[in-house]
Amino acid sequence: MERKDELINIFSRSIREILNRVTIDFDEVQEIRLRVGAPLLMVYRNEEYYVTSRGSLNKEGKDAYVVSKNELKETMEYMSNYSLYAFEEEMKQGFITIQGGHRIGIAGKTILDESGIKTMKYISFINVRLSHQVRGCASEVLPYLYEQGREIYHTLIISPPRCGKTTLLRDLIRQVSNGSEEHAGLTVGVVDERSEIGACYQGIPQNELGIRTDILDCCPKARGMMMLIRTMSPRVIAVDEIGSREDLEAMEYVMNCGCKLIATVHGNSIDDLKQKPILRKLVEERIFERYVVLNNLGRIGNIDQIYDSRGTQLYKAQVHQMGIRWDRQECMAYG
Amino acid sequence: MDNTWLRIIGALLVIISCSGLGFFMAAQWNEHLRTVEKLRKMIFLLKGEIVYANSPLTEAFERTGRKAGGEIGVLFENVSERLSGQQGETFYTIWQEEIDKLPKEVCLSKEDKQNLKGLGEHLGYLDMDMQERNILLYLEQLDLTIGYLRKHKQEKSRLYTSLGIMGGLFLTIVMY
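Chains as they are written, first to last, in the numbering used here: chain A, 1 to 335; chain B, 1 to 176.
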């Protein structure tokens, strides 16, 4: 209930009243979308619903509540805690992160200057993506990621959007950092460029990331990785959504320093990575020792396959009538 | 005999109370100056929190209020608390209401309060530059007030105290 209240308070008064009447479990809500002059939409358990002014959900769009321009303006004010200026840097990237680690994507008219996007005005589209903390969701993968000793493998999580890669990464960090009976905890450095992993609010992580974790919040990944190595001597470095050339250079630096790396990237498969000019190098040079591929069949955070650096499949989800069952398979050559 | 004593005591009381009033008025002037100077210091702190630490208003007001203390510190903390409550009011409304709630002991004139309310009208609006300019504009107003209060401090203090004493003496003479 507390989570629902905390979330609802970021909306304008009228939308707040509607959402208060909604009786579904807010832990299962993934997205709430507001667009000027368009119906209020909610993604719940992977399905999209229209929200009516009485607070009921339906898929047909009957009596759907239409969001007005003023409501969006009011919502922006509450979301930013009356301080849009404090989110200037984040707004340039098109999103802000609020207390609780929820990410709010915004779109409108961009204002440009010589250095690029200066700010955004006429914000007419808002996408509230709710952050989920699923403790234990990485337990299935973890045995595949530890080397014989106490180190872990360089790991890349590949996943399409909305499949729970950040959720998995978060739990991986927590478990690697805390350690277990079989594996001692490792010092983890997290570069949280978009405040999504730790969801730091005033510097304090709102999500549990383990007792041996240091977080560099809102720092560009490439620069952050270098900084952490020099200052916090981590054994493992974790980053979300890699993709740029600078990221790649920093990752090579991290690996040459003897640190292990856990990263995530957008994609459907290893083949997808091979299509992208920058990321292709990662696969060809066998930089990563483990690839974890996710899908969202059935539920968020489903692990589809796990491969090693040569593309050998170590793990595959088996689909049967009742849904998805996880089976360890004998090694099968990939592709 | 008794009557004379009573008259002397009455006269002394009139002189003492009138002088007291004069001293009180002079002290009020000084207190007003001190309050405005403290407010200026707090606004500087607030500017630092907003412009350099990039803190949102809730955090900036809370930290500044706690650091500064006093009645105006409490005002800042109350504003911060109401902002975090997110009850669906605008910042300007909260700011105005909290200023109106300031206790009477806080030595601020009507004009000072009006200017202070004016600061809240554009706070939080647009970008960082706008915040800085808005605060600097208010600091300029405060500097003018402080300049005026300092310039007239001595003469006003002297005026109020001597008016008090002389007024007391005058009344005594008239009533004698």
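Just so you know, these hints were derived from the structure itself, not from any lab.
Wrong hints could be hidden among the right ones.
Claimed, not checked - Between beta-carbon pairs, the in silico distance windows are: (1) A:180 / B:93: 36 to 44 Å; (2) A:54 / B:146: 55 to 63 Å; (3) B:90 / A:218: 48 to 56 Å; (4) A:38 / B:93: 48 to 56 Å; (5) B:41 / A:53: 44 to 52 Å.
Claimed, not checked - Derived EDC-like pairs: lysine to aspartate or glutamate, alpha-carbon spacing no greater than 20 Å straight-line: (6) A:118 / A:147; (7) B:47 / A:88; (8) A:73 / B:62; (9) B:38 / B:62; (10) B:156 / B:111; (11) A:118 / B:129; (12) B:156 / B:112; (13) A:118 / B:132; (14) B:47 / A:249.
Beta carbons are placed, not taken as given, at the ideal position from N, Cα and C, and that holds for glycine.
Margin query: For a C-alpha distance cap of 20 Å, please report whether residue 156 of chain B and residue 112 of chain B respect it.
Written below: Given that 20 Å is the threshold and the Cα spacing comes to 19 Å, the pair holds.
Check: CB of residue 54 of chain A to CB of residue 146 of chain B, is that within 55 to 63 Å?
Finding: 57 Å, holds
Check: Is residue 118 of chain A close enough to residue 132 of chain B, meaning Cα to Cα at most 20 Å?
Finding: 17 Å, holds
Check: Going straight from one Cα to the other, do residue 73 of chain A and residue 62 of chain B come out at no more than 20 Å?
Finding: 25 Å, violated
Next item on the list: State, for the Cβ atoms of residue 90 of chain B and residue 218 of chain A, whether the hinted interval 48 to 56 Å holds or is violated.
Entry: 28 Å, violated
Check: Do residue 180 of chain A and residue 93 of chain B keep their Cβ atoms within the hinted range of 36 to 44 Å?
Finding: 53 Å, violated
Checklist line | Hint check for residue 53 of chain A and residue 41 of chain B - Cβ pair distance inside 44 to 52 Å | finding: At 50 Å between Cβs, range holds.
Notebook entry, point to check: Taking 20 Å as the top limit, are the C-alpha atoms of residue 47 of chain B and residue 249 of chain A close enough?
Noted result: Roughly 39 Å between the alpha carbons, so the hint for residue 47 of chain B and residue 249 of chain A is violated.
Margin query: Check whether the Cα positions of residue 156 of chain B and residue 111 of chain B lie no farther apart than 20 Å.
Written below: Holds, because 19 Å separates the two Cα atoms, which is no more than 20 Å.
Next item on the list: Return holds or violated for the Cβ distance of residue 38 of chain A and residue 93 of chain B against the range 48 to 56 Å.
Entry: For residue 38 of chain A and residue 93 of chain B the Cβ distance comes to about 29 Å; the hint is violated.
Note to self: Holds or violated: residue 38 of chain B and residue 62 of chain B, Cα atoms, limit 20 Å.
What the structure shows: 16 Å, holds
Next item on the list: Could you grab the alpha-carbon distance between residue 118 of chain A and residue 147 of chain A and see if it respects the 20 Å cut-off?
Entry: 46 Å, violated
Of the numbered hints stated above, those contradicted by the structure are hints 1, 3, 4, 6, 8 and 14, listed in ascending order.
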